[in-house]
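Residue numbers (UniProt numbering), protein chains in the order written: chain A, 1 to 95; chain B, 1 to 95; chain C, 1 to 95; chain D, 1 to 95; chain E, 1 to 95.
In short, the hints are calculated from the structure, not lab data. Heads up, some of the hints might be wrong.
Note that the list lumps identical chains together, so a pair holds whenever it fits in one copy or between two copies.
Straight-line distance between alpha carbons at most 20 Å, and here's what the computed EDC-like set of lysine to aspartate or glutamate pairs gives [to be verified]: (1) K37 <-> E13; (2) K37 <-> D70; (3) K37 <-> E53; (4) K23 <-> D86; (5) K37 <-> D86; (6) K94 <-> E13.
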Amino acid sequence: MILGTVVGTVVAERRADQIEAAKYLLIDQCLQNGTGKNNFLVALDMIGAGPGEVVLLSQGSAARQTDLTDNKPMDAIIVGIIDQIDEQGTVVYKK
Amino acid sequence: MILGTVVGTVVAERRADQIEAAKYLLIDQCLQNGTGKNNFLVALDMIGAGPGEVVLLSQGSAARQTDLTDNKPMDAIIVGIIDQIDEQGTVVYKK
Amino acid sequence: MILGTVVGTVVAERRADQIEAAKYLLIDQCLQNGTGKNNFLVALDMIGAGPGEVVLLSQGSAARQTDLTDNKPMDAIIVGIIDQIDEQGTVVYKK
Amino acid sequence: MILGTVVGTVVAERRADQIEAAKYLLIDQCLQNGTGKNNFLVALDMIGAGPGEVVLLSQGSAARQTDLTDNKPMDAIIVGIIDQIDEQGTVVYKK
Amino acid sequence: MILGTVVGTVVAERRADQIEAAKYLLIDQCLQNGTGKNNFLVALDMIGAGPGEVVLLSQGSAARQTDLTDNKPMDAIIVGIIDQIDEQGTVVYKK
Chain A
1 MILGTVVGTV VAERRADQIE AAKYLLIDQC LQNGTGKNNF LVALDMIGAG PGEVVLLSQG
61 SAARQTDLTD NKPMDAIIVG IIDQIDEQGT VVYKK
Chain B
1 MILGTVVGTV VAERRADQIE AAKYLLIDQC LQNGTGKNNF LVALDMIGAG PGEVVLLSQG
61 SAARQTDLTD NKPMDAIIVG IIDQIDEQGT VVYKK
Chain C
1 MILGTVVGTV VAERRADQIE AAKYLLIDQC LQNGTGKNNF LVALDMIGAG PGEVVLLSQG
61 SAARQTDLTD NKPMDAIIVG IIDQIDEQGT VVYKK
Chain D
1 MILGTVVGTV VAERRADQIE AAKYLLIDQC LQNGTGKNNF LVALDMIGAG PGEVVLLSQG
61 SAARQTDLTD NKPMDAIIVG IIDQIDEQGT VVYKK
Chain E
1 MILGTVVGTV VAERRADQIE AAKYLLIDQC LQNGTGKNNF LVALDMIGAG PGEVVLLSQG
61 SAARQTDLTD NKPMDAIIVG IIDQIDEQGT VVYKK
């Protein structure tokens with residue numbers, strides 16, 4: 001999985017995802033301390049991630065392993081909202 | 001998912017995709033404000049994306065999760081035509 | 001999908017692919033005008049692509065969605081021989 | 001598969017992974033001699049990898065091929081704790 | 001598929017791969033003439049590839065399409081030992 005920060009929202013009325021009221025968020029991939037990598041992707045959110053939150057993302061077919069996305073053409077979802085990351089015993093990120 | 005701009009069309013008569021009248025579009029991956037990355041791929045379109053439109057793309061096995069592409073050797077499809085993207089509260093792209 | 005040019009052939013007698021007389025081609029990924037990227041991969045061909053032809057490639061599990069490659073350990077196949085590509089209304093590649 | 005060093009832990013209470021007490025580790029991809037690449041990912045651990053250990057990681061749908069992760073939205077797991085790596089006949093890493 | 005050279009072996013006693021006596025090889029991805037790219041991965045071998053041999057590798061779910069790796073958390077296997085590669089009519093690699 002990768003880490004990313006929620007930086008915006010993406011709206012598309014004409015879609016082929018067959019998901020009612022799909023909530024697409026603009027994500028900037030980030031380092032473990034939350035620093036953005038300027039490397040953006042769009043992910044589906046189903047756990048209510050908010051702007052600025054650091055999230056855990058799954059990509060590929062893993063993105064279809066939830067009730068909402070089962071058999072849906074999605075390849076990136078948010079699977080967690082990060083509370084804390086420590087590196088070498090030091091807390092480098094705290095929500 | 002990633003963002004891209006429709007920049008052209010790709011025609012191939014001899015194919016192994018088993019899709020009648022498949023519509024292949026040339027896509028330049030782009031930033032959230034629509035700026036092209038000069039990083040091209042070919043995607044199947046089934047929602048009528050037009051030249052210059054910013055679209056949402058799914059890749060990998062996600063591309064097979066539609067009636068048209070089920071069990072077909074496709075690894076990239078257009079799943080949405082973007083209306084608006086906002087970043088940090090500012091609209092950075094509007095159709 | 002990606003674009004590539006057929007630049008050579010790859011022969012391997014000892015294989016684990018369980019495909020009779022598998023035809024492996026050396027592909028240089030290319031731009032939409034056919035210019036090579038010096039970024040090579042090996043793909044299975046089942047539609048008779050010839051040297052110098054620009055082809056459409058599918059990768060990942062998409063490569064298994066044909067009768068020949070079903071359940072076979074292949075991750076890249078040629079799914080089309082390109083006839084023409086246009087970009088911004090200009091023909092940038094013609095077979 | 002790729003090699004990585006366990007460099008930290010990642011905690012997320014609000015998750016969509018449906019895995020009880022999931023243990024997420026922060027991994028720095030590394031060379032065969034254990035040198036870090038400064039290229040981080042998060043992987044699920046189920047074999048008790050400890051800080052500083054060099055591990056073998058599987059990504060993509062392979063990450064779902066265990067009892068714990070079957071049908072779960074995970075795309076990276078630790079599949080081995082490395083004991084020794086030799087390169088050209090020389091031991092370049094030893095636990 | 002990609003090309004690589006067998007450059008070493010990887011030993012891990014504590015594993016989650018459920019494969020008896022799994023043989024992991026250290027691979028340096030290489031060009032069609034066998035020149036190493038200094039870009040390493042670990043692949044499972046089941047066809048007896050030896051040190052220095054140039055091999056054909058499949059990655060992702062393709063790696064599970066053999067009896068040995070079916071339903072196993074593997075994402076890279078050796079699917080062929082290369083005998084010869086020609087590029088633009090010239091033999092650039094011969095075993």
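Structure-based check of each hint:
Taking identical chains as interchangeable, the C-alpha atoms of K37 and E13 are never at most 20 Å apart, the minima being 29 Å within one chain and 24 Å between chains. With identical chains, the CA atoms of K37 and D70 are never at most 20 Å apart, being 30 Å at best within one copy and 31 Å at best between copies. Taking identical chains as interchangeable, the C-alpha atoms of K37 and E53 lie at most 20 Å apart only when both belong to the same chain, with a minimum of 15 Å there against 26 Å between chains. For the homomeric pair K23 and D86, the shortest alpha-carbon distance between copies (13 Å) is at most 20 Å, but the shortest distance inside one copy (30 Å) is not.
In this assembly of identical chains, K37 and D86 lie within 20 Å of each other by CA distance both inside one copy and across copies; the values are 19 Å within and 18 Å between. Within a single copy, K94 and E13 get their C-alpha atoms only as close as 35 Å, which misses the 20 Å cut-off; across copies the closest is 12 Å, which meets it.
Checked against the numbered hints given earlier, this structure breaks hints 1, 2; the rest are met.
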